[in-house]
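K.L.:
Sequence:
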Amino acid sequence: MRFIDTHTHAWGADTEELPWQAEVLPPGWDGPYTSRDLIADMDAGGVDESVVVTTPLYGRGVRANEYTMRAIEAFPNRLWGVGLIDFFRTILSRCARTSVGSSVTIGC
Numbered sequence: 001m002r003f004i005d006t007h008t009h010a011w012g013a014d015t016e017e018l019p020w021q022a023e024v025l026p027p028g029w030d031g032p033y034t035s036r037d038l039i040a041d042m043d044a045g046g047v048d049e050s051v052v053v054t055t056p057l058y059g060r061g062v063r064a065n066e067y068t069m070r071a072i073e074a075f076p077n078r079l080w081g082v083g084l085i086d087f088f089r090t091i092l093s094r095c096a097r098t099s100v101g102s103s104v105t106i107g108c
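FYI, in the UniProt record's numbering the residues of the sequence shown are 1 to 108.
Just so you know, the hints here were simulated from the structure itself, not pulled from any lab data. We treat Cβ as the ideally placed atom computed from N, Cα and C, and that holds for glycine. A few of these clues could be false.
Claimed, not checked - Using C-beta positions, here's what the derived DEER-type ranges look like:
| hint | residue 1 | residue 2 | range |
| --- | --- | --- | --- |
| 1 | G61 | D37 | 20 to 26 Å |
| 2 | R63 | H7 | 21 to 27 Å |
| 3 | T15 | A40 | 20 to 26 Å |
| 4 | D30 | R2 | 26 to 32 Å |
| 5 | P76 | A44 | 33 to 39 Å |
| 6 | P76 | D41 | 15 to 21 Å |
| 7 | G59 | G31 | 28 to 34 Å |
| 8 | A74 | A44 | 32 to 38 Å |
| 9 | R70 | D5 | 18 to 24 Å |
| 10 | G31 | G61 | 18 to 24 Å |
| 11 | D48 | G28 | 17 to 23 Å |
| 12 | A40 | L18 | 29 to 35 Å |
| 13 | P26 | R70 | 32 to 38 Å |
| 14 | R70 | H7 | 27 to 33 Å |
Please model the entire structure based on the sequences and the hints provided.
P.N.:
Dropping the structure here:
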């Protein structure tokens with residue numbers, strides 16, 4: 001039997017390239033929980049695959065899904081993704097293409 005966790009999260013460090021959006025950080029935020037951390041926890045728990053749901057940590061613009069997409073690309077046989085889009089912006093179509101247009105995402 002295969003075990004699939006259908007709602008997980010992973011996020012990287014706060015960097016200049018991909019900065020966290022301060023307005024969405026919860027109090028006492030503890031730092032990154034990387035895709036490698038997620039895979040290690042999956043292995044420890046006997047989970048075969050996981051669906052990584054993008055957090056709003058990186059905002060909701062076109063770059064919001066970048067970390068999730070990188071995580072999936074690093075572990076293509078273990079991770080799937082659900083991206084975020086900003087329904088109220090004109091960049092909606094571009095944002096949707098970057099997540100829905102991928103063969104490794106299953107929703108947005």
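K.L.:
Taking the CB of P26 and the CB of R70, does the distance hold inside 32 to 38 Å?
P.N.:
Given about 23 Å between the Cβ atoms, the range is violated.
K.L.:
Falls inside 28 to 34 Å, the C-beta gap from G59 to G31?
P.N.:
With a Cβ separation near 18 Å, G59 and G31 fall outside 28 to 34 Å, so the hint is violated.
K.L.:
Please test the hint of 32 to 38 Å on the beta carbon pair from A74 and A44.
P.N.:
For A44 against A74, whose Cβ atoms are near 18 Å apart, the range 32 to 38 Å is violated.
K.L.:
Should the hint that R63 and H7 are 21 to 27 Å apart at their CB atoms be regarded as holding?
P.N.:
Since R63 and H7 have Cβ atoms about 22 Å apart, the given range 21 to 27 Å holds.
K.L.:
Against the range 20 to 26 Å, how does the distance between the Cβ atoms of T15 and A40 compare: consistent or not?
P.N.:
The hinted range 20 to 26 Å holds for T15 and A40, with Cβ atoms some 21 Å apart.
K.L.:
Using the C-beta atoms of R70 and D5, is the stated range 18 to 24 Å upheld?
P.N.:
Hint holds: Cβ distance 19 Å, inside 18 to 24 Å.
K.L.:
Taking the CB of G61 and the CB of D37, does the distance hold inside 20 to 26 Å?
P.N.:
holds, 25 Å
K.L.:
Cβ-Cβ distance between R70 and H7: within 27 to 33 Å?
P.N.:
Violated, at about 19 Å.
K.L.:
Looking only at beta-carbon atoms, does the pair A40, L18 fall within the given range of 29 to 35 Å?
P.N.:
violated, 21 Å
K.L.:
Is the gap between the beta carbons of P76 and A44 within 33 to 39 Å?
P.N.:
Violated - the Cβ-Cβ distance for P76 and A44, about 21 Å, lies outside 33 to 39 Å.
K.L.:
Between the beta carbons of P76 and D41, is the distance compatible with 15 to 21 Å?
P.N.:
Since the Cβ atoms of P76 and D41 sit about 18 Å apart, the hinted range of 15 to 21 Å holds.
K.L.:
Against the range 17 to 23 Å, how does the distance between the Cβ atoms of D48 and G28 compare: consistent or not?
P.N.:
violated, 32 Å
Of the numbered hints stated above, those contradicted by the structure are hints 5, 7, 8, 11, 12, 13, 14, listed in ascending order.
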